[in-house]
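Starting from the known structure of chain A, arrange chain B on it as the hints suggest.
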Amino acid sequence: GNSVTQMEGPVTLSEEAFLTINCTYTATGYPSLFWYVQYPGEGLQLLLKATKADDKGSNKGFEATYRKETTSFHLEKGSVQVSDSAVYFCALNAGGTSYGKLTFGQGTILTVHP
Amino acid sequence: NAGVTQTPKFRILKIGQSMTLQCTQDMNHNYMYWYRQDPGMGLKLIYYSVGAGITDKGEVPNGYNVSRSTTEDFPLRLELAAPSQTSVYFCASSHQRELKETQYFGPGTRLLVL
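Chains as they are written, first to last, in my numbering: chain A, 1 to 114; chain B, 1 to 114.
In isolation and in its complexed conformation, chain A is listed as follows (with noise of 0.2 Å):
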């Protein structure tokens, strides 16, 4: 079946630090990768998305490039701010008969000090 699987958290920085939340995939054909984030107290927004392989997302200052041969699609971003500090899932939508489906990681707190 499909699977996401994001790094462990929480994740602790200070202001201006880079940086990486790791994600890996298993599916099924070729899916669709994307990053959510949820802000204390909301719902989840889509912060980047790539299609297909060796897309780039970006929004935002983050980034993820999603890289087929070693299914993964690691976000990123250079310089933090106390304002990014939320929990990030990866997910991907394996297309076809899954109807449009999210496959969820179980999510990555961050927490950004000044």
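Quick caveat, the hints were computed from the structure, so don't treat them as lab data.
Keep in mind that a hint or two might mislead.
Derived pair list, reagent style DSS-like, types lysine-lysine, alpha-carbon separation capped at 25 Å [what the hints assert, rightly or not]:
#  : chain 1 : residue 1 : chain 2 : residue 2
1  : A       : K56       : A       : K77
2  : B       : K100      : A       : K52
3  : B       : K9        : B       : K57
4  : A       : K68       : B       : K100
5  : A       : K52       : A       : K68
6  : B       : K57       : A       : K77
7  : A       : K60       : B       : K100
8  : B       : K9        : B       : K44
9  : A       : K56       : B       : K100
10 : B       : K44       : B       : K14
11 : A       : K52       : A       : K77
12 : A       : K60       : A       : K77
Since the model is a prediction, treat every value here as computed from it, not as a measurement.
Chain B in isolation, oriented as in the chain A frame:
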């Protein structure tokens, strides 16, 4: 444009009670989903719908029921609440089942069963 709205935001139930979690979207999306989020876990799919009158089970459907009488509404019913159903519930919608489609999430309903 309200997007996906959910009510209530928070509810406490006693064991054995019933309730309906409401979900409405105003984006004319065909596909709608219910997920639950347990602490330290990713989201798991409870039920989904590909259009009015059509619903199907997800990964964790036991103890829940859904209906989809209109495109806009997708209520989730708990018939006999159990402590294991304490969770945060998210409704989501998307336009199509295509690989690249983004799912839009509501703000969530926090449910506590005592």
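Take a quick look at whether K68 (chain A) and K100 (chain B) sit within 25 Å of each other, Cα to Cα.
16 Å, holds
K56 (chain A) and K100 (chain B) were given as a pair; does the straight-line alpha-carbon distance stay at or below 25 Å?
14 Å, holds
Keeping to a limit of 25 Å between CA atoms, is the pair of K57 (chain B) and K77 (chain A) held or broken?
37 Å, violated
Holds or violated: are the alpha carbons of K44 (chain B) and K14 (chain B) at most 25 Å from each other?
With Cα atoms ~23 Å apart, K44 (chain B) and K14 (chain B) stay inside 25 Å; holds.
Quick one, are K52 (chain A) and K68 (chain A) close enough, alpha carbons at most 25 Å?
9 Å, holds
Given pair status - K77 (chain A), K60 (chain A), alpha carbons within 25 Å
Within the cut-off at roughly 9 Å; holds.
Take the C-alpha atoms of K9 (chain B) and K44 (chain B), compute the straight-line distance between them, and say whether it is at most 25 Å.
19 Å, holds
With a cut-off of 25 Å on the C-alpha distance, tell me whether K56 (chain A) and K77 (chain A) pass.
Distance ~13 Å between K56 (chain A) and K77 (chain A) Cα, so the pair holds.
Agreement of K9 (chain B) and K57 (chain B) with the hint, judged by alpha carbon distance not exceeding 25 Å
24 Å, holds
Taken at face value, is the distance from the CA of K77 (chain A) to the CA of K52 (chain A) at most 25 Å?
21 Å, holds
Quickly compare the C-alpha distance for K100 (chain B) and K52 (chain A) to 25 Å and report which way the hint goes.
9 Å, holds
Satisfaction of hint between K100 (chain B) and K60 (chain A), Cα-Cα up to 25 Å:
Holds, because 20 Å separates the two Cα atoms, which is no more than 25 Å.
Checked against the numbered hints above, the structure breaks only hint 6 and satisfies the rest.
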